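Trainee: Listed in order, the protein sequences are those of chains S and X.
Heads up: the first sequence at position 36 corresponds to 36 in our numbering, and the numbers run straight through without jumps.
Heads up: the second sequence at position 51 corresponds to 429 in our numbering, and the numbers run straight through without jumps.
Worth flagging that the hints you see were computed from the coordinates, not collected in a lab.
In this text the structure is predicted, and so the values were computed from the model without any measurement.
Even for Gly, the Cβ is constructed at its ideal location relative to N, Cα and C.
Be a bit skeptical, because a hint or two may be false.
[Claimed, not checked] Only some residues are given here: those of chain S computed to face chain X with a beta carbon under 7 Å:
#1 Ala206
#2 Leu219
#3 Phe224
#4 His325
#5 Asp337
So the chains spell out like this:
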Amino acid sequence: MDSRARVDDASAMTSPDDNLTPGDPLRAGGEAPPPGPETAPTAEMPPDSPRRLTRSRDDRFIGGVAGGLGRYFGVDPILFRIGFVVLSFFGGTGLLAYLVLLAFVPADGPPGETGASRGVTVAGAIILGVVALAVLGPPIVVLGPGLFVLGVLALLGVLLWRAVGGDLGDDPARIAGRVALAGLLALGIVGAALGVGFVAAAGGGAVIAGLAIAAGVVLVATAFVGGARWLIVPALVLVLPLAVVTAADIDLDGSFGQRHYRPASVSELTPVYDVGMGELVLDLRDVDFPPGRTDVDVEVGVGQARVLAPDDVCVTSDVSIGVGHADVLDEEDRGIDLAFATGQPVPSPDSTLHVNADVGVGEFRVERAGFDGFAACR
Amino acid sequence: MKRVDRTSLVAGLVTIGLGVLLLVDQLGAIDLGFGYTPSAVLAGLGAILVASGLERG
Numbered sequence: 001m002d003s004r005a006r007v008d009d010a011s012a013m014t015s016p017d018d019n020l021t022p023g024d025p026l027r028a029g030g031e032a033p034p035p036g037p038e039t040a041p042t043a044e045m046p047p048d049s050p051r052r053l054t055r056s057r058d059d060r061f062i063g064g065v066a067g068g069l070g071r072y073f074g075v076d077p078i079l080f081r082i083g084f085v086v087l088s089f090f091g092g093t094g095l096l097a098y099l100v101l102l103a104f105v106p107a108d109g110p111p112g113e114t115g116a117s118r119g120v121t122v123a124g125a126i127i128l129g130v131v132a133l134a135v136l137g138p139p140i141v142v143l144g145p146g147l148f149v150l151g152v153l154a155l156l157g158v159l160l161w162r163a164v165g166g167d168l169g170d171d172p173a174r175i176a177g178r179v180a181l182a183g184l185l186a187l188g189i190v191g192a193a194l195g196v197g198f199v200a201a202a203g204g205g206a207v208i209a210g211l212a213i214a215a216g217v218v219l220v221a222t223a224f225v226g227g228a229r230w231l232i233v234p235a236l237v238l239v240l241p242l243a244v245v246t247a248a249d250i251d252l253d254g255s256f257g258q259r260h261y262r263p264a265s266v267s268e269l270t271p272v273y274d275v276g277m278g279e280l281v282l283d284l285r286d287v288d289f290p291p292g293r294t295d296v297d298v299e300v301g302v303g304q305a306r307v308l309a310p311d312d313v314c315v316t317s318d319v320s321i322g323v324g325h326a327d328v329l330d331e332e333d334r335g336i337d338l339a340f341a342t343g344q345p346v347p348s349p350d351s352t353l354h355v356n357a358d359v360g361v362g363e364f365r366v367e368r369a370g371f372d373g374f375a376a377c378r
Numbered sequence: 379m380k381r382v383d384r385t386s387l388v389a390g391l392v393t394i395g396l397g398v399l400l401l402v403d404q405l406g407a408i409d410l411g412f413g414y415t416p417s418a419v420l421a422g423l424g425a426i427l428v429a430s431g432l433e434r435g
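Modelling step: build the complete structure from the supplied sequences, incorporating the hints.
Mentor: Structure (structure tokens):
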């Protein structure tokens with residue numbers, strides 16, 4: 001053990017607030033922490049003082065939340081950054097948590113430097129959090145407009161914090177550069193994740209899974225020769241979108257855009273009506289269904305499917321939706337992993353239209369003008 | 379001989395595990411839904427965090 005390591009160990013024991021390893025490849029910029037109150041016991045922070053969670057001024061991309069958490073728990077801050085990004089994909093809670101921590105966790109350093117506008121920052125963060133929850137509503141949207149709204153809210157939160165919060169003595173150009181760099185990095189990660197998700201949903205899921213396994217093998221192999229922690233982020237960029245696509249069962253293998261079908265008879269029906277991403281309308285009001293059951297399959301990757309049924313036919317359905325909403329003749333359900341069945345499970349002598357719907361993310365509806373529920377089914 | 383980087387080791391094993399799980403789903407052998415997938419992903423991330431914490435602790 002060299003002398004530098006001994007200093008670090010001593011610091012970790014006497015000043016638990018700093019457990020970062022100098023020169024750690026995961027540390028932002030790969031730089032060693034500057035000497036100061038964080039790396040050695042001081043009069044203000046005696047060795048036996050209780051640990052205190054603070055935002056880091058020295059190790060941060062935006063507000064130092066992840067840097068502070070990493071220092072407090074003694075792990076790499078990038079793991080918390082990854083955690084925030086990951087949780088943002090699962091309902092946007094990562095961004096909300098970051099806003100809350102940004103508001104309520106004080107920055108390290110001498111008190112008073114950033115305390116003047118703290119109340120305003122807290123109020124702003126609370127307002128943004130409430131607005132985010134109100135916009136998202138239950139169930140919280142995982143992908144799509146909800147994530148975009150969260151991104152905008154997070155950006156507003158950062159700008160608000162910058163406007164009224166700390167770092168008044170920092171170089172504005174440096175702040176702007178860091179924010180721009182963090183923004184570009186976040187955009188790059190999100191863009192890459194969206195691209196991976198698109199490829200996976202378009203049928204390349206097995207290839208993506210293979211690449212993820214290969215990345216894992218490289219990580220394991222390099223662990224014995226020093227490690228390649230930088231590969232963790234690319235590996236997660238492969239795994240996370242594929243996990244979302246897999247969980248939602250999104251299949252973009254089909255056409256894109258709006259599709260409107262209006263067959264005039266049963267003979268014109270096709271076995272499957274599908275659209276990869278977009279809106280599908282299947283108007284069956286001109287079809288004279290024969291007695292017995294007629295099956296129609298509807299598949300949508302991401303988007304909406306509407307089936308317009310004749311007034312005089314019994315309608316039954318089996319609906320599978322990864323994330324979204326189903327409304328079959330005013331029988332509704334919403335949420336994740338929906339398995340929704342309506343109508344009679346037993347054979348009926350009536351003219352029966354049975355719709356098998358498979359939607360990844362989106363909405364499925366069955367409507368008819370002269371609505372009489374399932375009264376036509378015996 | 380260099381010390382084993384446990385964070386990279388665990389992250390690699392987690393990535394392999396999740397990759398195999400997702401590959402099996404893609405091949406149609408199993409059908410993962412939102413009931414299991416997020417839990418598996420978060421458990422993997424938790425394992426990486428624990429490994430990193432133990433390495434530094």
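Trainee: It remains to establish, for every hint, whether it holds in the given structure.
Mentor: Here's how the hints hold up against the structure:
With a least beta-carbon distance of about 4 Å to chain X, the hint placing Ala206 of chain S at the interface is held under the 7 Å criterion. With a least beta-carbon distance of about 3 Å to chain X, the hint placing Leu219 of chain S at the interface is held under the 7 Å criterion. At a threshold of 7 Å, the smallest CB-CB gap from Phe224 of chain S to chain X is about 6 Å, leaving the interface hint in force. Interface hint status for His325 of chain S: violated, as the beta-carbon distance to the closest one in chain X is roughly 15 Å, over 7 Å.
For Asp337 of chain S, the interface hint holds, since its Cβ comes within 7 Å of a Cβ in chain X; the closest pair sits about 4 Å apart.
Checked against the numbered hints listed earlier, the structure breaks hint 4 alone; every other hint is satisfied.
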